[in-house]
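The listed protein sequences correspond, in order, to chains A and B.
Here this note's numbering is used: the first residue of the first sequence is 1, the next is one more, and so on.
Here this note's numbering is used: the first residue of the second sequence is 1001, the next is one more, and so on.
Keep in mind the hints are simulated off the structure, nothing from the lab.
As the structure is a computational prediction, the values presented were derived from the model and not from experiment.
Among the clues, some could well be false.
Computed, partial: chain A to chain B, Cβ under 10 Å [said to hold, decoys possible]:
1. Gln6
2. Ala14
3. Arg18
4. Gln37
5. Gly42
6. Leu43
7. Gln48
8. Asn51
Where a beta carbon is used, it is the ideal one built from N, C-alpha and C, also for glycine.
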Amino acid sequence: DSGVTQTPKHLITATGQRVTLRCSPRSGDLSVYWYQQSLDQGLQFLIQYYNGEERAKGNILERFSAQQFPDLHSELNLSSLELGDSALYFCASSVEQWNTEAFFGQGTRLTVV
Amino acid sequence: AQSVTQLGSHVSVSEGALVLLRCNYSSSVPPYLFWYVQYPNQGLQLLLKYTTGATLVKGINGFEAEFKKSETSFHLTKPSAHMSDAAEYFCAVSDRTGNTGKLIFGQGTTLQVKP
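Chain A extracted, bound-state conformation (with noise of 0.2 Å):
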């Protein structure tokens, strides 16, 4: 167990629609990050947060947002859902905000119908 957990496990949804992935850090880690794990594309850095703050932004989609809160879990909102979003989605922690390595989460198993 990494301790950076994410809900739900699996998701389901229809083209259109909107969902929100949530993810609580390891314990005293500050920085937050979002992968997606694709068979096509492989794992790709979507988007960093440090301390509630964004840090760095990778190829993340428009229809795509996240934020961390003030407690610092985090949310990766992504709408108007195509069949290719479906994926599976890791957060992963760390203490530091840069030249460390990433506790990750299990991961939410996204599918776009």
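Since the structure of chain A is provided, determine the placement of chain B on it from the hints.
For chain B alone, coordinates are given in the frame of chain A:
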């Protein structure tokens, strides 16, 4: 830009045989390197990391990796494979150019262990 290439998307070994998973990186700055393992329906678990210092790093479950700057490699090895090692393995480099914690992953190598 930094990148990671894992040679071989699928590696098959017999139980008790040497495990060698290859990883080459590209980085304009001294890299921080990681190996993660992903078991079916699980998240990624950190096996080991290299930041600075000793180039041979030991990790969990008997795995080790050697940082070779001249070869830009960070191959993962285990002397004797166990059935429980069957999983997907990812090599990653930390994005040190942008002062972020972003990890850049390779495409992954699936390790199959035959009895």
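Status of each hint after checking the structure:
Annotation: Gln6 (chain A) was flagged as interfacial toward chain B, and the flag holds, the nearest CB pair being 8 Å apart, inside 10 Å. Interface hint at Ala14 (chain A): violated, since its Cβ lies 24 Å from the closest Cβ of chain B, which is beyond the 10 Å cut-off. The interface hint given for Arg18 (chain A) is violated, since its Cβ lies 24 Å from the closest Cβ of chain B, which is over the 10 Å cut-off. Using the Cβ-Cβ criterion of 10 Å, the hint placing Gln37 (chain A) at the interface with chain B is satisfied: the shortest such distance is roughly 9 Å.
Of the supplied interface hints, the one on Gly42 (chain A) holds, with its beta-carbon coming within about 5 Å of a beta-carbon of chain B, less than 10 Å. Because the beta carbon of Leu43 (chain A) sits about 4 Å from the nearest beta carbon in chain B, less than 10 Å, this interface hint is met. The restraint placing Gln48 (chain A) at the interface with chain B holds, with a minimum CB-CB distance near 6 Å, inside the 10 Å limit. Using the Cβ-Cβ criterion of 10 Å, the hint placing Asn51 (chain A) at the interface with chain B is not satisfied: the shortest such distance is roughly 12 Å.
The structure is inconsistent with the numbered hints 2, 3 and 8, although it conforms to all the rest.
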